[in-house]
Amino acid sequence: QSALTQPASVSGSPGQSITISCTGTSSDVGSYNLVSWYQQHPGKAPKLMIYEVSKRPSGISNRFSGSKSGNTAALTISGLQAEDEADYYCCSYAGSCYAFGTGTKVTVL
Amino acid sequence: EVQLVESGGGLVQPGGSLRLSCAASGFTFRNYEMNWVRQAPGKGLEWVSYIRTSSITIYYADSVKGRFTISRDNAKNSVYLQMNSLRAEDTAVYYCARDGSRYYDSNGYYGDFDYWGQGALVTVSS
Numbered sequence: 001q002s003a004l005t006q007p008a009s010v011s012g013s014p015g016q017s018i019t020i021s022c023t024g025t026s027s028d029v030g031s032y033n034l035v036s037w038y039q040q041h042p043g044k045a046p047k048l049m050i051y052e053v054s055k056r057p058s059g060i061s062n063r064f065s066g067s068k069s070g071n072t073a074a075l076t077i078s079g080l081q082a083e084d085e086a087d088y089y090c091c092s093y094a095g096s097c098y099a100f101g102t103g104t105k106v107t108v109l
Numbered sequence: 001e002v003q004l005v006e007s008g009g010g011l012v013q014p015g016g017s018l019r020l021s022c023a024a025s026g027f028t029f030r031n032y033e034m035n036w037v038r039q040a041p042g043k044g045l046e047w048v049s050y051i052r053t054s055s056i057t058i059y060y061a062d063s064v065k066g067r068f069t070i071s072r073d074n075a076k077n078s079v080y081l082q083m084n085s086l087r088a089e090d091t092a093v094y095y096c097a098r099d100g101s102r103y104y105d106s107n108g109y110y111g112d113f114d115y116w117g118q119g120a121l122v123t124v125s126s
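One line per chain: the protein sequences are A and B, in this order. Under the working numbering, think of the first position of the first sequence as 1, with each following residue one higher. Under the working numbering, think of the first position of the second sequence as 1, with each following residue one higher.
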């Protein structure tokens, strides 16, 4: 049950696009299309942004998109907005457990 | 509207016990797998435990195996986490989270965490 690896921080200017990577192994990200992404603002509960690698729940902006190649998944935020400043976590089902990523702080410059 | 409300958090001494509860509403609770996820102060998210709709399948993170017990009461729309032999490193906000249940195998449905409670703070300290 090792944590998935994410960059500690990513930043961008308003309107730009940023991508957050999430690297796992052949036992988690590489084995299942059950990668999800969560946004967490300070003092708040996490919020599901992407599920099953690239699907968006109802109400989530299409500025958020997900992808996966091999053992690495990615979240892209396009048209960056001030409200996107938050912590982001990836997660993967890993067969009888879930593994979260280490988390990425997104800063809007 | 889906709602998950945790209760039972508080301050406990090392070696002590605590029971968290999560009351669910706004959906058919008996049809969904449930999870507990925790977050230590200033740290990332950590999955803790999973329970299938019928309680027939239960999983734990290695860090809590043998000390924590997850259970559910479908008649009361509630899921619980009994925490024994608590350690300082168990200090965290504990979230109850509904499983998105996207994928099925013989042991149950799995997926992601589509709804979360507001969290319950557990502090283990002398």
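Rather than coming from a laboratory, the hints here were simulated on the basis of the structure. Treat each hint with caution, since some may be false.
Keeping only pairs whose Cα atoms sit at most 25 Å apart, straight-line, the calculated BS3-like set for lysine-lysine is [as the list claims (entries may be wrong)]:
#1 A:K68 <-> A:K55
#2 A:K47 <-> B:K43
#3 B:K43 <-> A:K44
Okay, the calculated bits of chain B under chain A, using three or more residues with CB under 8 Å as the criterion [as the list claims (entries may be wrong)]:
#4 10-18
#5 53-62
Here a beta-carbon is modelled for each residue, glycine too, at the ideal position from N, C-alpha and C.
How about the segment 10-18 of chain B: do at least three of its residues have a C-beta closer than 8 Å to a C-beta of chain A? It is violated: at least three residues are needed, and the segment 10-18 of chain B offers just 0 whose Cβ sits closer than 8 Å to chain A.
Whether chain A covers the segment 53-62 of chain B (at least 3 residues having a Cβ closer than 8 Å to its Cβ atoms): holds (count 3)
CA of B:K43 to CA of A:K44, is that 25 Å or under? holds, 14 Å
Measure nothing beyond the straight line between the CA atoms of A:K68 and A:K55; if it is 25 Å or shorter, mark the hint as holding. holds, 12 Å
Checking one constraint from the list: CA of A:K47 to CA of B:K43, max 25 Å. Satisfied? holds, 17 Å
Consistency with the previously given hints fails for number 4 only.
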